[in-house]
Amino acid sequence: MRKARFWGLLCMLFVSEVQPASDPDEERYEYTEGQSLTLGCPFNIMKYASSRKAWQRLQAGREPLTLVSTDRPTGNPSEVRVGRYMLTDVPREAMLHVQMTNLRVEDSGLYRCVIYHPPKDPVLLFHPVRLVVTRDPSATLAASDVPTPNAANIPTPAATKNLSSAGSTTPTQHLPRSPTVVSSPDPGVTFTNVTSVVRYGFRGSRLLLWVSVFIFIVPVVCGFLSKALVFIVLFAVTKKSFG
Amino acid sequence: MERRQQEAGPGAEANPRAPPSLRSPQRKVRRPGVGRGAPPPGMSTSLAVAAGALLALLGLGACCSPVVARSAWQARAPGCSQRLQHPLRYVVVSHTAGSPCHSPASCQQQARIVQHYHQQTLGWCDVGYNFLIGEDGNVYEGRGWNIKGAHTGPTWNPISIGITFMGNYMERVPPKRALQAALNLLDCGVARGFLRPKYEVKGHRDVQQTLSPGDQLYEAIQSWPHYRE
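In order, the protein sequences belong to chains A and B.
Under my numbering, think of the first position of the first sequence as 1, with each following residue one higher.
Under my numbering, think of the first position of the second sequence as 1, with each following residue one higher.
Once the Cα atoms are required to be at most 20 Å apart in a straight line, the calculated SDA-like pairs of lysine to any residue come out as:
{"id": "1", "chain 1": "A", "residue 1": "LYS47", "chain 2": "A", "residue 2": "HIS117"}
{"id": "2", "chain 1": "A", "residue 1": "LYS227", "chain 2": "B", "residue 2": "ARG192"}
{"id": "3", "chain 1": "B", "residue 1": "LYS198", "chain 2": "A", "residue 2": "ASP25"}
{"id": "4", "chain 1": "B", "residue 1": "LYS176", "chain 2": "B", "residue 2": "TYR227"}
{"id": "5", "chain 1": "A", "residue 1": "LYS120", "chain 2": "A", "residue 2": "ARG72"}
{"id": "6", "chain 1": "B", "residue 1": "LYS148", "chain 2": "B", "residue 2": "ALA69"}
{"id": "7", "chain 1": "A", "residue 1": "LYS47", "chain 2": "B", "residue 2": "TYR90"}
{"id": "8", "chain 1": "A", "residue 1": "LYS47", "chain 2": "B", "residue 2": "GLN208"}
{"id": "9", "chain 1": "A", "residue 1": "LYS120", "chain 2": "A", "residue 2": "ASN44"}
{"id": "10", "chain 1": "B", "residue 1": "LYS176", "chain 2": "B", "residue 2": "SER99"}
{"id": "11", "chain 1": "A", "residue 1": "LYS47", "chain 2": "B", "residue 2": "LEU211"}
{"id": "12", "chain 1": "A", "residue 1": "LYS47", "chain 2": "B", "residue 2": "GLN209"}
Derived by calculation from the structure, the hints in this document are not laboratory data.
Using the sequences and the hints, build the whole thing.
Here it is, written out as C-alpha cells:
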C-alpha cells in the first residue's frame, strides 16, 4: 500500500502540472458572493480597434450566450452596461475591460471575450475565463440567504438601450428570457438543506483531504525528488571521475 | 560569440559555469592512494558544496545571462517609485528609432542618450524602458523587472515589461545576437518569477498607434514562441 502510494507520487514527478481537470488554456478566477470580477481583454489595435466586442457565457451543448456587447465604436472609448455586466472598450489602448458586479454562485462557469463580427466566427480574446463563485463562509444559515433563481441575470429593459437586438441576425442567443437559462454548473451546491451550507459543495471531507494532499504536498515532493535526482546523478558522475 | 565584459547587474545570478570547488587543484592531489571504499572527508564536503551550489543555481534559474547594470552604463539615478506586480503577463517590444550601437562602449553611450532624452527632455523619472537591447548582443538594465516603465501608455505600462531594441528597424532586422539576448532575458524573467510561464509578447504597434518596433523587427518577433497578436 505504501509502496503503491510512493510510486504514485513518483509518477506525479513526470506530470508537469497538478491542476483540476480543465482546459489548461483557461484562466481561473475565484471570488466569493458579492464581489466583482474585473479583467482586461487585449485586442490587436490594427485589426480590431473598430470591431464590436462581446462578453459571452459558454454553456455545454448550447450556443454561446452573449451577455453584453459593444455598439459599433467610432474609435473612441465606449461603455455598455447590461444589468450586472459592463464592457468598457478603449480602442486607443487596445483593451476591453470587463466587469461583473455582485457575483452570485450561479454565475460560476466558463466565459469569454470575443471580437463579435458575424457572419465571421468570433475571435477569442485573452483566455476562456473559468469563474468560480463560492458562498461567503460567514454567511448565515437563514433561509432568506438563499438567492431565488428569478433574481439572477435578468437585464433590466432600461439598461439595454445600447443593444439593438432587432437588427441581430446571429444564431447566438442574445438575452436570457427565462430564469431557467441560468443554471448552476457546480455539482454539489444545494440550497434545499440548510445544514448542507457548511459543506460548501464538497462531497465529503475525505475528498477535501485528498485534494489538499495533491495540491500542496505532491508539488513539494516533486520538487524535492527532482532536485534529489539531479544531485544523485551529479554525485555518481563526479565520484566516477575522481575515483 | 563576443559576450559581455561587464559585471553582472543587481539580482543576476552567480556565474553559470561550475563553481570553483569543482575545478580546484586539490582534487587531483587526493586521488591516488585513497581507499575505494569511503571518500576522503575533504572531498565529500567540497562535493556537497558543489552540489548544493549547483542545485541552488538550478533553483534560481541558472540560465540567466548577465545584464549590463545601470552603474555599468553610468546611468543617472532613477526617480521612479511605482512598482510592478509579478508575475506579469505581457511583454511589449519596441524600438528606439534612434541610432544603433555595435559595441559595449557605444551601446552604453546610446543607453545614456536615451535616458537623457527621457529624463531631461521629456521630464520622466527615468529612461522609459525596463530593458534596452544593443546590437552588441547585450541587455542594458533600464527600470528593470520591478519598476513600472513608461513605454506603452497608461493601460499597458502597469501590466507589462517594455523592452526596446536600440536602433531603427523599419528596414533592417537587429542582429541574431540581439534577438537572442532578448529571448534569453525573457526566459530569465520566467525562471525568476517576474513573468508568467505563459507570458505573451506584443509588438508595440499591436497595442498602440505607432510604427514601433519597425516593420522588420515586428516581422521577426511574430515568429517568437510567446508572440500573440
